[in-house]
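Visitor: Keeping their order, the protein sequence lines are chains U and R. Per our numbering, numbering of the first sequence is gapless, rising by one per residue and ending at 507. Per our numbering, numbering of the second sequence is gapless, rising by one per residue and ending at 507.
Among these hints, one or two may not hold up.
What the hints assert, rightly or not - Chain U side only, calculated, beta carbon under 8 Å to chain R, not exhaustive:
id, residue
1, N48
2, F80
3, R196
4, E240
5, R243
6, D244
7, G266
8, M305
9, E320
10, E342
11, L464
No lab work stands behind these hints: they were computed from the structure. Quick caveat, the model's predicted, so the values are computed rather than measured. Positions of the beta carbon are idealized from the N, C-alpha and C atoms, including for glycine.
Now for the letters of each chain:
2 protein chains.
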Amino acid sequence: MKAKGTLSERLNAVFHPRSIAVVGASATPNTFGYLFMDYLIKAGYTGTLYPVNPNSDQILGFKAYPSLKDIPGDVDYVISCIGARHVPEMIRQCPARNVKGVHLFTARMSETGDKRGHELEKEISSEAGRLGISLIGPNCMGIYYPKGGISYAYDLPKRSGKVGGIFQSGGISVNFIRYAGIRGVTFSKVVSYGNAAGLNESDLLEYLAGDDETGLIAIYIEGVRDGRRFFKTLKKAAAVKPVIVLKGGRTRAGTRSTFSHTASIAGSFNAWEVMFRQCNAVQAADMDEFVDLTVAFNFLPEINGKRVGVIGGSGGKVVLAADECEQAGLDVVALPEDVKELIRNKAPEFINWLGNPVDFSILTGAKITPMELMQGMAGSSGFDFLVCNVTEENPFDDFMWAQLITFEVNEYLNISSAGIKPLVVTIANPGLGMSNTGEWRWKTLLEKREMLASRGIAVFSSVRSAATALSKLVNYYLNRKRMRHGGAE
Amino acid sequence: MKAKGTLSERLNAVFHPRSIAVVGASATPNTFGYLFMDYLIKAGYTGTLYPVNPNSDQILGFKAYPSLKDIPGDVDYVISCIGARHVPEMIRQCPARNVKGVHLFTARMSETGDKRGHELEKEISSEAGRLGISLIGPNCMGIYYPKGGISYAYDLPKRSGKVGGIFQSGGISVNFIRYAGIRGVTFSKVVSYGNAAGLNESDLLEYLAGDDETGLIAIYIEGVRDGRRFFKTLKKAAAVKPVIVLKGGRTRAGTRSTFSHTASIAGSFNAWEVMFRQCNAVQAADMDEFVDLTVAFNFLPEINGKRVGVIGGSGGKVVLAADECEQAGLDVVALPEDVKELIRNKAPEFINWLGNPVDFSILTGAKITPMELMQGMAGSSGFDFLVCNVTEENPFDDFMWAQLITFEVNEYLNISSAGIKPLVVTIANPGLGMSNTGEWRWKTLLEKREMLASRGIAVFSSVRSAATALSKLVNYYLNRKRMRHGGAE
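Construct all of the structure, not just a fragment, from the sequences and the given hints.
Guide: Encoded structure:
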């Protein structure tokens, strides 16, 4: 794209518009021209808002204008909800209003597989380029920038945080922001960029890699415009901050679907995988893992080793925890000498029975309490991090059960708050129905999960998912270290 | 075990006791002697209940007896909560009361790694064998038989169903029953059998394979007593009904843990995998998949093909759905000719754009409604089953969003109820906190999930997990067919 200013200056302007025009705004609820106005109002956008619609004087309490050129003053950013064929004329009106960025929610272009749609998209893209306008889309949701009161859904977090996002799919992006948000993750800047006729994945990645508000980056991608540039940009970005990638179109069936979605040519997934590895990008296998990895990188510090201590749970759950950690590539080391010493001093009769993972049910009646053992493990240099597996299967009645769970969870919180040792907590997440949420067991677990997330703890729904995320997190930091010290991948 | 009657007769007696003695019963809440009494009372056991405790006259409203031999009348079943060293004497008192089965919740035997514990367990086992008593345990939770009002936790479903369970771990079993129960699964008979000093996995499997109340069997296993017998029994059982197996102790770390849990020698996992394949047992990779597979086999009919039609969702979610189905080994076939014909008739302009999976967002404003297309797909012989992916990412406001979700979910229910085509529904299950459950989006999804489960529909939390379960389900039925027709595996 030929446009004024550096990429960073141009995108900063897009994220900080003093005024926004919604072209195709509407007073009819649940039309997109209504929704995009309403999203901005509800997200708390404080700049000037101009609805554009030739048939209305006022929309949602704001004075409406027949066209862009009728607006009295500059318009920094335009959100287009009009039909595809009207877009070229709208773009031509932009320079008179000093428009810096245009987001085309407008779709039905190249993704339809139709030749005319494709040509129209090309025309729009080259016109925007010629006029120096940063173009987002078409066929996308645009920008979510909570700090600036810009959103593209009703219920995305208003608090801002450090996760940046680049999404070729708007639907994936809203789901992702919601799911990660529920687990305490907040966002710096997210872009849903659709068909990428203007700004593409490489532009956005380059920008977020250099963005001070962004500490890590999550990307959902189907295809790229310029593979060589993307490779270089990704490698540079991942050298600076974690980049987590979910690739859509990994199979024959998925590849067929990418075309009708964003007109992307997904390409061979093997080639993608090699590229992700060479760049030290963190690959997510699916949506759940994409969220899990984001939670891990958002809350955990740099960890440079895989020796895991596993605490909590009883019986078979402890066996499975050991299996799942080792299968994910973690090192389920034997109890370190200092922890053994502690057991020998307090409860020597358990020295041959207790191991890592620690089975809480074994400690029933022992002279070493779970808390003492937890603290011993947290303080031991023999572990790089802990996986804390809430012992929900304890057999007691509602009152005592809740007491024990509270005791256990608080201790995890204490260890984490004191910064003694990085840890994650696992709390099972079966597919509850609404009526289950009122039952004591599930109610308590839902409350604990929320409390932990709000206190900055990474909570996972299984040891398997926690172990997978942690293993990938450690790999990322170890690779980065090696690559920084000049080692080739 | 040498005991009176056939295995089936002996186990039927265990599951249908006219009287139960809880030895070591207690009036102190949250001791196990209290809990096992209370579990039975709350589960609605209608036989005679005898608490046994030398220091009490009455426990929980029931007359207590100093010892088994003081009970006036027969005792069919004994639950033992006393210390390990008191068990042999208690066993010796059993014949006088005509005891048919003893469940040793009592633990601290071979699983401690201690020589004395091991010898005590051997003594008890041979004594029970000599006296013709069916022994369950030690170190286990015993029997869950909802139809007979026998339970070992407070909140297991009271309704009975067709899933039988054999669990070497009590904790895994209660978690499993709860998680599967939330998703609408109900159980015939479940046994937590611990150290297996008496009845072992092969006995229980043989029994459930021949049990008319049991339609499928779920097993969690760490090690077996007699590999050759287990192999034969498993093969025979899986030829009759689906057997889903989760193996604890698949790794070095997991194997170490199985010993301190149930004194099991887990053995090489490769050998286990080969055996499971040869027996056509359905292997679960982890706890989540264990529950998913049980849900699938519980609700779905026999399906003999892998051609999947995927409905619902928009944009990238549809791309990922295609990827995940194909990666799980399903056949994401192109839209069959009869469905294409329907599109050509109703909305020819979409014929090149719509595909399988169907992206609901493409249908916006189309002359073919999602309902018509769904019905067309359900009626087409080109699909063996459907995966219905609830379109939660629709961008509308609370009212319209809920309307669209209701419309979509009801249509899935209609198709399923009419028996036109087997289907599963996927509804995302992010780790909600308690406060999220009051928000309109999550509240609606929680309600829909519950409604579908209560109407007998298999609901999964992702396309990946649904596709994995379905792929394994179809494999089971295809293998069984082949093996029945004399083909060697």
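Visitor: Now tell me, hint by hint, if it's right for this structure.
Guide: Hints, one by one, checked against the model:
| no. | hint | result |
| --- | --- | --- |
| 1 | N48 | holds, 5 Å |
| 2 | F80 | violated, 18 Å |
| 3 | R196 | holds, 7 Å |
| 4 | E240 | holds, 6 Å |
| 5 | R243 | violated, 17 Å |
| 6 | D244 | violated, 21 Å |
| 7 | G266 | holds, 4 Å |
| 8 | M305 | holds, 6 Å |
| 9 | E320 | violated, 24 Å |
| 10 | E342 | holds, 6 Å |
| 11 | L464 | holds, 4 Å |
The structure is inconsistent with the numbered hints 2, 5, 6, 9, although it conforms to all the rest.
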